[in-house]
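Here are the chains, one letter per residue:
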Amino acid sequence: MNIVRIIFSYIIFPGFVFTAVVGLFLTWIDRKVTARIHWRVGPPWFQPYADFLKLLLKETMIPEGSSKTLFLLGPLLGLVGMSIFAVMLFNMNFNPSGSFVGDLIVIIYLLALPPIGIIIGGSASKNPLASVGASREMTLYFAYELPFLIALTSIILKAGGSIKFGEIILAQQAEGPFLYSISGVIAAVVIFLSIQAKLSFIPFDIPEAEQEIMAGPYIEYSGVALAIYKMTRAMMLFLLPLFLISVLWGGFANWWAILKLLLIIVLIILVKNTNPRLRIDQALKFFWVGIGTLSTIGLILAFYGL
Amino acid sequence: MGNAKLWGLKKSPWVFHLAAAPCNNCDIEILDLIAPRWDVERFGIVLIGSPRHADALLVTGVINRKTLPRVLRVYEQTPKPCLVIAIGACACSPNIFTPSYNVVGPYDKHMPVDVYIPGCPPKPETMIMGIIKALKRL
Chain U
154 MNIVRIIFSY
164 IIFPGFVFTA
174 VVGLFLTWID
184 RKVTARIHWR
194 VGPPWFQPYA
204 DFLKLLLKET
214 MIPEGSSKTL
224 FLLGPLLGLV
234 GMSIFAVMLF
244 NMNFNPSGSF
254 VGDLIVIIYL
264 LALPPIGIII
274 GGSASKNPLA
284 SVGASREMTL
294 YFAYELPFLI
304 ALTSIILKAG
314 GSIKFGEIIL
324 AQQAEGPFLY
334 SISGVIAAVV
344 IFLSIQAKLS
354 FIPFDIPEAE
364 QEIMAGPYIE
374 YSGVALAIYK
384 MTRAMMLFLL
394 PLFLISVLWG
404 GFANWWAILK
414 LLLIIVLIIL
424 VKNTNPRLRI
434 DQALKFFWVG
444 IGTLSTIGLI
454 LAFYGL
Chain F
12 MGNAKLWGLK
22 KSPWVFHLAA
32 APCNNCDIEI
42 LDLIAPRWDV
52 ERFGIVLIGS
62 PRHADALLVT
72 GVINRKTLPR
82 VLRVYEQTPK
92 PCLVIAIGAC
102 ACSPNIFTPS
112 YNVVGPYDKH
122 MPVDVYIPGC
132 PPKPETMIMG
142 IIKALKRL
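Just so you know, the protein sequences line up as chains U and F, in that order.
The first sequence begins at 154 in this note's numbering and counts up by one.
The second sequence begins at 12 in this note's numbering and counts up by one.
Among these hints, one or two may not hold up.
[Claimed, not checked] Derived DSS-like pairs: lysine-lysine, alpha-carbon spacing no greater than 25 Å straight-line:
(1) Lys185(U) / Lys91(F)
(2) Lys22(F) / Lys147(F)
(3) Lys21(F) / Lys185(U)
(4) Lys221(U) / Lys91(F)
(5) Lys147(F) / Lys91(F)
(6) Lys383(U) / Lys22(F)
(7) Lys383(U) / Lys91(F)
[Said to hold, decoys possible] Just a sample of chain F residues kept apart from chain U, beta carbon distances all over 10 Å, derived:
(8) Leu20
(9) Ile59
(10) His64
(11) Lys77
(12) Leu79
The hints are simulated quantities; they were obtained by calculation from the structure and are not laboratory data.
Ideal Cβ positions, reconstructed from N, Cα and C, are used throughout, including at glycine.
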């Protein structure tokens with residue numbers, strides 16, 4: 154019985170299916186809000202599901218001379234990582250004092266899986282534009298990971314030195330969300346910009362810049378493999394704002410969390426639609442010098458309990 | 012399940028713009044079609060950059076000896092099923108260029124063409140009408 158419940162939680166409820174369906178709906182919100190900003194009508198609500206079904210119908214082509222195993226492994230890595238991440242996130246929020254040991258270190262590794270999948274797939278597809286995209290993805294990963302880790306460290310300091318996810322949420326329930334302090338606001342800004350880069354949205358869509366390298370690492374993908382990449386991206390659009398809410402805004406085990414989630418997503422879309430794309434060196438400088446300094450100041454403030 | 016997938020194909024045709032030696036007039040009209048004024052994202056039509064992601068090829072221009080191998084290569088790279096939409100008078104038939112030594116005939120001599128949209132250049136409204144009519148008949 155227990156095993157059935159575990160499998161159910163990974164495949165159906167907080168895991169794969171639920172996250173994918175909600176995530177695809179959120180990509181529709183992204184496209185619709187973008188369209189309204191462009192003064193257009195925008196696609197109907199079922200558009201992401203139609204895209205997904207259509208991609209299942211198409212044939213999957215494997216480019217000549219590429220590594221077949223790695224080419225098909227690339228999309229799956231990110232999908233598996235995001236499914237496990239979804240289960241951990243929901244477990245920790247709805248049962249924060251449970252015995253399930255989930256800590257921030259595991260979550261950092263799980264969040265690294267989608268970029269690794271993109272890098273593996275892009276490098277395996279034997280296309281010069283995909284290689285450029287994969288190398289940019291790697292550079293961008295190193296760029297946003299440093300301030301992201303520093304911001305997480307300041308959250309750990311505020312939670313009394315605990316890296317357990319459940320204890321972070323319990324500490325927020327006891328003494329109010331971490332967001333309502335100076336270092337909390339700084340950590341929120343840093344994590345927000347890291348989310349923007351993790352989702353490869355403008356201004357950080359350098360790995361898949363449509364106007365210069367077409368689709369970057371995805372350029373050789375078609376059919377089911379491309380559908381899995383799109384779905385992983387949709388799941389990230391759902392899970393990363395939830396992660397921000399649960400580490401800084403008091404967890405999402407209440408109805409207010411839906412409004413918080415929509416607020417964060419609309420903010421992400423607004424930043425996406427009102428900014429130009431940075432070059433990869435500018436993005437690295439932005440994250441390591443500008444945002445890195447900001448997150449270090451936040452860390453020092455958190456150390457003194459501000 | 013087959014019906015659901017066909018519904019998906021009808022509702023989200025992603026187009027790849029294949030300009031094979033046109034005079035660029037049709038291409039400018041295609042860019043108009045994609046831009047906010049006509050907003051074809053209402054029908055799920057999105058312009059994408061790689062033929063691997065494409066469901067429909069928008070071909071323009073008179074096909075000649077130099078462009079024929081490239082056009083065929085892009086057609087082979089596109090995952091099937093895919094639509095081929097010939098846009099403009101030159102793509103439907105090589106009209107005034109027929110006597111030229113370099114012209115190797117219209118597109119339908121070399122690959123299956125699903126939709127012909129005549130005009131020099133066709134208006135974006137015409138293109139929308141042609142594509143929607145073709146999708147209804149799938």
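Numbers of the earlier hints that this structure fails to satisfy, in rising order: Result: hints 1, 8, 9, 10 break, sorted rising.
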